[in-house]
Amino acid sequence: MSDPPKDSEIIRRILQGETNAFEILLGRYKAYALRMIKRRVPAKDVEDVAQEVFIKAYQSLPGFDPDSHFKKWLSTIAVRTCCDYWRKSYQKGESPMSVLSERHAEWIEAVISAKSVLAADKLAARKEAKELLAWALGQLSVENRMVVEMVYLEEMTEREAAELLGWSIANVKIRTFRARARLRKLLSGFLERERKTS
Amino acid sequence: MNFKKEDLKKVLRTLSSIYNKEGEAIEIGEAWEKRVMVGIRALGPLTARRGLTALFEGYIWRFAPAAAALFLVLGAVVYQQMGFLSECEMAGVFVETPIDDSLFQVLGAL
Numbered sequence: 001m002s003d004p005p006k007d008s009e010i011i012r013r014i015l016q017g018e019t020n021a022f023e024i025l026l027g028r029y030k031a032y033a034l035r036m037i038k039r040r041v042p043a044k045d046v047e048d049v050a051q052e053v054f055i056k057a058y059q060s061l062p063g064f065d066p067d068s069h070f071k072k073w074l075s076t077i078a079v080r081t082c083c084d085y086w087r088k089s090y091q092k093g094e095s096p097m098s099v100l101s102e103r104h105a106e107w108i109e110a111v112i113s114a115k116s117v118l119a120a121d122k123l124a125a126r127k128e129a130k131e132l133l134a135w136a137l138g139q140l141s142v143e144n145r146m147v148v149e150m151v152y153l154e155e156m157t158e159r160e161a162a163e164l165l166g167w168s169i170a171n172v173k174i175r176t177f178r179a180r181a182r183l184r185k186l187l188s189g190f191l192e193r194e195r196k197t198s
Numbered sequence: 001m002n003f004k005k006e007d008l009k010k011v012l013r014t015l016s017s018i019y020n021k022e023g024e025a026i027e028i029g030e031a032w033e034k035r036v037m038v039g040i041r042a043l044g045p046l047t048a049r050r051g052l053t054a055l056f057e058g059y060i061w062r063f064a065p066a067a068a069a070l071f072l073v074l075g076a077v078v079y080q081q082m083g084f085l086s087e088c089e090m091a092g093v094f095v096e097t098p099i100d101d102s103l104f105q106v107l108g109a110l
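Line order of the protein sequences matches chains A and B. Following my numbering, the residues of the first sequence are numbered contiguously, the last one being 198. Following my numbering, the residues of the second sequence are numbered contiguously, the last one being 110.
For reference, chain B alone in the conformation it holds in the complex:
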């Protein structure tokens, strides 16, 4: 028997009805609720920790675009000041310096 797409659909549809009934019998009582609240109280109030977290989540990320732009500008300034030669500039240097001159110099012909 070949297992077709439609067959899979039928099987999944049938399995979905059992899946959605899964755990229906499980009941959670007050003891569980109390246990959760004990865990929550053990963590303490949120206000004390909120200061730092809120600062980080609320403000620091807002400055991210400005920080990235500043980084790019500073990078460009440093790049110019350090005198890096781009590939175009390097090619320009080679074009301006005739290669045969230097070759003759190397060979000691001049």
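Chain A with its partners taken away, still in its complex shape:
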């Protein structure tokens, strides 16, 4: 049985006009791209964003450096497409805005006072966690949102985040710092308000 064709070989065939060869790349990297997209955009838009990613990848293939890794290149396109998705969504005023309540304040306080990782994991499974996450990310600018997702939620290094976003490491560091400060202000402000009303 022959070995499956290498990415570079498939790309060469596509560039020679064999459009259908793209189906091999699509099948090979579909799951990987989807994993990246699923976390970053709402479930209802995952399919459309994933389609856009592969169409952009196809259109950009003539500029692809055959010596580099296709997977890494595709992940850059995926992250930047998600960034564009949020930009458009913010412009239209469509970003999902959950309304926080006393339950969320209690959840934050429970997390802060949780003594073990197990207890914190139990808390993460609660509905409040999901709503709070959507709210907090929705309060940030698109750029800060991407940085928080990559550095704090996915635990990427600043270098990795910079490569994917096409920014300098210094820019990522500054944005990380600002986003963290903003999040802290947002959450402490929310807790303060909830305490006053209760």
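These aren't lab readings, by the way, just hints derived from the structure by calculation. It cannot be assumed that every hint is accurate.
As the list claims (entries may be wrong) - Using 25 Å as the maximum straight-line C-alpha spacing, the simulated DSS-like pairs for lysine-lysine come out as follows:
#	chain 1	residue 1	chain 2	residue 2
1	A	K196	B	K10
2	A	K196	B	K21
3	A	K185	B	K34
4	A	K130	B	K10
5	A	K72	A	K30
6	B	K21	A	K44
7	A	K127	B	K9
8	A	K30	A	K6
9	B	K34	A	K115
10	A	K130	B	K9
11	B	K34	A	K6
12	B	K34	A	K56
13	A	K71	B	K34
Keep in mind it's a predicted model, so treat the numbers as computed, not measured.
Knowing the structure of chain A, use the given hints to seat chain B on it.
Chain B alone, transformed into the frame defined by chain A:
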């Protein structure tokens, strides 16, 4: 209660576990794959469009440093030929022409 840095870390760590599980249930079937391929085929083969794009990306930018250098050289030549006076040259002209002479001339004393 004061919301400290450590508190934010704890909250983010807890939120990260939910974030990384986000969308786990979403499955994309063959229909989606077919839809993508329909879109790709509609764009047509890349070879026809590749000619111009590759020329632009691969070659034109390689000439950018040479073009910039040529622009600077031509700029310098044009600058010299048009006889622009630099600030130093202007100052030199003033120094060489004694101001009192022209002042007397203006006042009609000479």
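Hint by hint, here is what the structure shows:
{"no.": "1", "hint": "A:K196 / B:K10", "verdict": "holds, 23 Å"}
{"no.": "2", "hint": "A:K196 / B:K21", "verdict": "violated, 34 Å"}
{"no.": "3", "hint": "A:K185 / B:K34", "verdict": "violated, 46 Å"}
{"no.": "4", "hint": "A:K130 / B:K10", "verdict": "holds, 15 Å"}
{"no.": "5", "hint": "A:K72 / A:K30", "verdict": "holds, 13 Å"}
{"no.": "6", "hint": "B:K21 / A:K44", "verdict": "holds, 16 Å"}
{"no.": "7", "hint": "A:K127 / B:K9", "verdict": "holds, 20 Å"}
{"no.": "8", "hint": "A:K30 / A:K6", "verdict": "holds, 16 Å"}
{"no.": "9", "hint": "B:K34 / A:K115", "verdict": "violated, 49 Å"}
{"no.": "10", "hint": "A:K130 / B:K9", "verdict": "holds, 17 Å"}
{"no.": "11", "hint": "B:K34 / A:K6", "verdict": "holds, 22 Å"}
{"no.": "12", "hint": "B:K34 / A:K56", "verdict": "holds, 16 Å"}
{"no.": "13", "hint": "A:K71 / B:K34", "verdict": "holds, 21 Å"}
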